[in-house]
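Undergrad: So the chains spell out like this:
2 protein chains.
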Amino acid sequence: MSDYKAPLRDIEFTIKELLDFIPHYQQLPSVEEVPEDTLSAILKEAAKFCENRLVPINRIGDEVGCQWRDGEVTTPPGFKEAFKEFAAGGWVSLAEDPEHGGQGLPFSLVMVVFEMLASSNMAWSLYIANYYGTLITLEKYATEEQKSLYIPKLVSAEWNSTMCLTEPHCGSDLGLLRTKAEPNGDGSYALNGTKIFITSGDHDLTDNIIHLVLARLPNAPEGTRGISLFIVPKFNVNSDGSFGERNSVSCGSIEEKMGIHGSSTCTMNFEGATGYLLGSEHKGLTAMFTYMNESRITTAIQAYALGETSFQGALSYAQERLQMRAPERTHPDQQADPIISHPDVRRMLLTQKAFTEGGRMLSYYCLKQMDITLKSDDPAAKQQAEQRLAFLTPVAKGFNSEVGIESTSMGVQMFGGHGYIAESGMEQHSRDQRITALYEGVTAIQGLDLLGRKALSMGLLESFLPEIELFIEQQQVEEMAEFNLPLQAAISEWLQITADIGQRAKTDVNQVGACAYDYLMYAGYVTLAYFWAQAAAVSLQQLSDGSDDKFYNTKLETARFYFRRLLPRTQTHISLLRESSENLLSIGSDEFTF
Amino acid sequence: MSDYKAPLRDIEFTIKELLDFIPHYQQLPSVEEVPEDTLSAILKEAAKFCENRLVPINRIGDEVGCQWRDGEVTTPPGFKEAFKEFAAGGWVSLAEDPEHGGQGLPFSLVMVVFEMLASSNMAWSLYIANYYGTLITLEKYATEEQKSLYIPKLVSAEWNSTMCLTEPHCGSDLGLLRTKAEPNGDGSYALNGTKIFITSGDHDLTDNIIHLVLARLPNAPEGTRGISLFIVPKFNVNSDGSFGERNSVSCGSIEEKMGIHGSSTCTMNFEGATGYLLGSEHKGLTAMFTYMNESRITTAIQAYALGETSFQGALSYAQERLQMRAPERTHPDQQADPIISHPDVRRMLLTQKAFTEGGRMLSYYCLKQMDITLKSDDPAAKQQAEQRLAFLTPVAKGFNSEVGIESTSMGVQMFGGHGYIAESGMEQHSRDQRITALYEGVTAIQGLDLLGRKALSMGLLESFLPEIELFIEQQQVEEMAEFNLPLQAAISEWLQITADIGQRAKTDVNQVGACAYDYLMYAGYVTLAYFWAQAAAVSLQQLSDGSDDKFYNTKLETARFYFRRLLPRTQTHISLLRESSENLLSIGSDEFTF
Numbered sequence: 000m001s002d003y004k005a006p007l008r009d010i011e012f013t014i015k016e017l018l019d020f021i022p023h024y025q026q027l028p029s030v031e032e033v034p035e036d037t038l039s040a041i042l043k044e045a046a047k048f049c050e051n052r053l054v055p056i057n058r059i060g061d062e063v064g065c066q067w068r069d070g071e072v073t074t075p076p077g078f079k080e081a082f083k084e085f086a087a088g089g090w091v092s093l094a095e096d097p098e099h100g101g102q103g104l105p106f107s108l109v110m111v112v113f114e115m116l117a118s119s120n121m122a123w124s125l126y127i128a129n130y131y132g133t134l135i136t137l138e139k140y141a142t143e144e145q146k147s148l149y150i151p152k153l154v155s156a157e158w159n160s161t162m163c164l165t166e167p168h169c170g171s172d173l174g175l176l177r178t179k180a181e182p183n184g185d186g187s188y189a190l191n192g193t194k195i196f197i198t199s200g201d202h203d204l205t206d207n208i209i210h211l212v213l214a215r216l217p218n219a220p221e222g223t224r225g226i227s228l229f230i231v232p233k234f235n236v237n238s239d240g241s242f243g244e245r246n247s248v249s250c251g252s253i254e255e256k257m258g259i260h261g262s263s264t265c266t267m268n269f270e271g272a273t274g275y276l277l278g279s280e281h282k283g284l285t286a287m288f289t290y291m292n293e294s295r296i297t298t299a300i301q302a303y304a305l306g307e308t309s310f311q312g313a314l315s316y317a318q319e320r321l322q323m324r325a326p327e328r329t330h331p332d333q334q335a336d337p338i339i340s341h342p343d344v345r346r347m348l349l350t351q352k353a354f355t356e357g358g359r360m361l362s363y364y365c366l367k368q369m370d371i372t373l374k375s376d377d378p379a380a381k382q383q384a385e386q387r388l389a390f391l392t393p394v395a396k397g398f399n400s401e402v403g404i405e406s407t408s409m410g411v412q413m414f415g416g417h418g419y420i421a422e423s424g425m426e427q428h429s430r431d432q433r434i435t436a437l438y439e440g441v442t443a444i445q446g447l448d449l450l451g452r453k454a455l456s457m458g459l460l461e462s463f464l465p466e467i468e469l470f471i472e473q474q475q476v477e478e479m480a481e482f483n484l485p486l487q488a489a490i491s492e493w494l495q496i497t498a499d500i501g502q503r504a505k506t507d508v509n510q511v512g513a514c515a516y517d518y519l520m521y522a523g524y525v526t527l528a529y530f531w532a533q534a535a536a537v538s539l540q541q542l543s544d545g546s547d548d549k550f551y552n553t554k555l556e557t558a559r560f561y562f563r564r565l566l567p568r569t570q571t572h573i574s575l576l577r578e579s580s581e582n583l584l585s586i587g588s589d590e591f592t593f
Numbered sequence: 000m001s002d003y004k005a006p007l008r009d010i011e012f013t014i015k016e017l018l019d020f021i022p023h024y025q026q027l028p029s030v031e032e033v034p035e036d037t038l039s040a041i042l043k044e045a046a047k048f049c050e051n052r053l054v055p056i057n058r059i060g061d062e063v064g065c066q067w068r069d070g071e072v073t074t075p076p077g078f079k080e081a082f083k084e085f086a087a088g089g090w091v092s093l094a095e096d097p098e099h100g101g102q103g104l105p106f107s108l109v110m111v112v113f114e115m116l117a118s119s120n121m122a123w124s125l126y127i128a129n130y131y132g133t134l135i136t137l138e139k140y141a142t143e144e145q146k147s148l149y150i151p152k153l154v155s156a157e158w159n160s161t162m163c164l165t166e167p168h169c170g171s172d173l174g175l176l177r178t179k180a181e182p183n184g185d186g187s188y189a190l191n192g193t194k195i196f197i198t199s200g201d202h203d204l205t206d207n208i209i210h211l212v213l214a215r216l217p218n219a220p221e222g223t224r225g226i227s228l229f230i231v232p233k234f235n236v237n238s239d240g241s242f243g244e245r246n247s248v249s250c251g252s253i254e255e256k257m258g259i260h261g262s263s264t265c266t267m268n269f270e271g272a273t274g275y276l277l278g279s280e281h282k283g284l285t286a287m288f289t290y291m292n293e294s295r296i297t298t299a300i301q302a303y304a305l306g307e308t309s310f311q312g313a314l315s316y317a318q319e320r321l322q323m324r325a326p327e328r329t330h331p332d333q334q335a336d337p338i339i340s341h342p343d344v345r346r347m348l349l350t351q352k353a354f355t356e357g358g359r360m361l362s363y364y365c366l367k368q369m370d371i372t373l374k375s376d377d378p379a380a381k382q383q384a385e386q387r388l389a390f391l392t393p394v395a396k397g398f399n400s401e402v403g404i405e406s407t408s409m410g411v412q413m414f415g416g417h418g419y420i421a422e423s424g425m426e427q428h429s430r431d432q433r434i435t436a437l438y439e440g441v442t443a444i445q446g447l448d449l450l451g452r453k454a455l456s457m458g459l460l461e462s463f464l465p466e467i468e469l470f471i472e473q474q475q476v477e478e479m480a481e482f483n484l485p486l487q488a489a490i491s492e493w494l495q496i497t498a499d500i501g502q503r504a505k506t507d508v509n510q511v512g513a514c515a516y517d518y519l520m521y522a523g524y525v526t527l528a529y530f531w532a533q534a535a536a537v538s539l540q541q542l543s544d545g546s547d548d549k550f551y552n553t554k555l556e557t558a559r560f561y562f563r564r565l566l567p568r569t570q571t572h573i574s575l576l577r578e579s580s581e582n583l584l585s586i587g588s589d590e591f592t593f
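As given, the protein sequences belong to chains W and F, one line each in that order.
The first sequence finishes on residue 593 if you use numbering that gives the first Met the number 0, and the numbering steps up by one all the way, no holes.
The second sequence finishes on residue 593 if you use numbering that gives the first Met the number 0, and the numbering steps up by one all the way, no holes.
Isolated chain W (complex conformation):
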């Protein structure tokens, strides 16, 4: 069994030493102060809940899964008890406005806690994940009445929520959406349609579920410009907050999936269900993207969070499993050396470690930007944070999920045949992980967003790179040269290749699509290099200040590993980014097989 222990030392390193969250929090108005020891205490308490309550029900969640009977979904054994305990602990309310029953802490802090949930029990964590996007969306678009009706019940976790977006014929392409909303004449609407792949669409954890549903009003414009967003509660809610009738929305079935078996993935049927417009008519997609962008960061977190669990499992196994003599014998008194003494096992462990801790740095950096976009009153700071977040969201989501899949697969690999067996726990992490590159927009969608929209149309690469250049300038100690030189070279190359692609795209309509995947991966490797260089700088500083904490040695060596053994992957991506799209399109659609 692979047992997760919350990596508090690395989390605190990233928050406090690398990203300076404490002074950052002090600069945010309307956010409660978070003294350093309070921060640590919150994280420690969350770690305890995760290790003691969520880890033990992770495997049974996979084995038993959710059950569907007569339109009702039952979650796996122990899921409900853990949920109630989490709710009672006030964990969902951490970042919410005190006015709505929240604790007014910074948003980033909730998400750091979320990382631990996802590491411990990915399926369970999905019943929590939806809250964040829902609350942010309601805060931004709901009327005061809607806010006071729904937000407190969500914040207290008495109710749960979903986003209903996908339909059988429409996933990435929301313009094809068919669900209809017709005015009832009393300000409410009647929704008709079928939604699929609805995470937490039905379950037994809460008394009510608030669905956010994309649908078309009568005579709405075609395509994405004619979509509106609606609030559709499972149980109607009277204006005094009491329950009205059961709404005409029901779960028609749940999906049998590769992983996250404990998370209910529902087909939801809306048969004249009563809904309430959220935000403006036909502006549903904008509201939905508030939710979606938050969800993409949540997914970025899940991806390295599962990498963390897989890494921890592989590390213990590698330390204990005796097999073959290593090139340098480390345990001559034993029949064989532990496999951690073998170079190739170390290659895999260090890859997992570098991607996990790198994913954490990148994701927390994004969370810091989110804090600013949500709470800052400085327009310039806000604008810059919005730009950073817009640029790095597809990188964090797309890259973390792709390398997260590699990482959890390596966790299986290090166990040899044992990794393929359910008992090891490793194959579950790998199956659970696979979804991260699929939901909230597949990798190609992230690549198109990054290259076509964020880099080429909006020019956000140019606004991000000066930050890296400034960092390099400020780190002129000799020991940083091994990081600064390749980083400097990479950002020049990045700028150049982006311009090249932009140029070629003028005459080749397929160029952006052909480059989307490799550009995303290229961007990910270079961005992580920036964060690993920062980690190296902090560690070097500590060591030169006389620290004898081995943590900094290990961090520094992991940064070196990243630069020497992972960053070179850009070489292949850059060479593909120089290719025209021609070769991809040269075979007729019906001439692939004969």
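A few of these clues could be false.
As the list claims (entries may be wrong) - In silico contact screen, one side only, chain W against chain F (beta carbon under 8 Å); selected entries:
(1) Gly170
(2) Gln318
(3) Leu348
The set of hints was computed from the structure by calculation and includes no laboratory data.
Just so it is clear, CB atoms sit at the ideal spot from N, CA and C, and this is done for glycine as well.
Following the hints, complete the assembly by docking chain F onto the known chain W.
TA: Quick look at chain F alone, frame taken from chain W:
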């Protein structure tokens, strides 16, 4: 659902046009003649069996899996009926000596049929896979009496067989093996020990199961030099072929696995089980490697065979699924274009296609060498074939499985969220595939064998490269330059980096282990380039001879795709192969986490 149709056109292209199996068969003595139309008829008949009998029971095999009760294993619904039909069709006997009830056809032909079994139903195919290694091992090491007792019953598929190798504490490291064999005084031995991960260890498909078991004789030397191989039948067999008592070997449990649920993976308990020495005392590993080397080729075949099924599923979906407008609209009359019109989907489809057809070329080439090693009476030809096979076996097994995992994962990716759902069939291929990089020696073991043993110690790279150079020399038409130039550059680089690593390994004991994985992948990409260049040459010749068969255009464009978009992956591998091992070993075994 993803429905497999046997790719007979590509199989025949590879056999007949690329690798000249017909004249190759004519040169093999003691092998039945195989006229071209007979060959095609056999393949067509096998395809029919696979498509009609195996594909329909693939998903139920995954859903129901094997069941264990009171020491007996039941296979999933339909498995037994399909097995009986396959047995009755004489398919297991194809390549066996007519003396033992076989049909005397070439071995490679059986394995081409095996590809179709694995594509159709990987789990089911594993009940067949063991026959090949067992029969080859018995032919080589069994006494005449043993041969006549066991071979005919295996050839008729009345009985089945296993290889019992792994123990709980010993997988890759067979030196640690503990199972004991003590002489009974009557020429037989009593075996005691526990074996795990035994494929087909127990099941309900045949009346008897013949286990080949590695064990130690009393006073055997320690380590790998003290291991012997034994025949242990499930039911003892009297010298007249009739059944004696049930032997003291039993299945203690079966494993719950990530995939291949329809294949029984058994813990086998030997409690004084009667066994018979196969081959010489203490020479069990040599005999086992006869089996293992064959199994590695079988695994290489499974890996691209599952890639083929996943490719076919993804291709149909990509042709049908309408989503988003492609950069160049292909279906203006529809609401959206099929996703095959999107460049990134094509990138994935072509990657799957290039790896699948490339894996097929490489594997069939290995099979051709096996035919020669098994049947040729020309010592020089035999020696060369043995060298090629020794060098390319780890490449085929290690590389095909690694890129096979990527390929089936891409199959999931192209389906978007639907790929994560069991109903699509795509995630099953991905789970079934994952085992190929684990069993019969994990990838690192293949890399160590290739680099340390085959390339550096035995110098087999130098004996292989002249074949590629000769090919390049013979292809001096201008159209081949786009393939020949990068291929020539790659083989020079390959030779150079091998010498470099050998040099560094003299002073760095960890160098070979540190390079094992990247060297294997590097070798795989260059070797596949050689085969894709051959495919291009054959296609160019056909086109210049006036053929208007689109098959050749597609083949040529796929070769171009391979050279321009997959071969560049060597750039990253080569840059890692130039690294010292230092960075991998610089962190203490207990200093990875804090």
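Undergrad: Give a verdict on every hint.
TA: The hints, checked one at a time:
1. Hint on W:Gly170 holds. Least Cβ distance to chain F is approximately 5 Å, under the 8 Å limit.
2. With a cut of 8 Å, the hint placing W:Gln318 at the interface with chain F holds, because the nearest CB-to-CB distance is about 6 Å.
3. This hint holds: W:Leu348 has a C-beta 6 Å from the nearest C-beta of chain F, less than the 8 Å allowed.
Every hint, counting from the list given before, is met by this structure.
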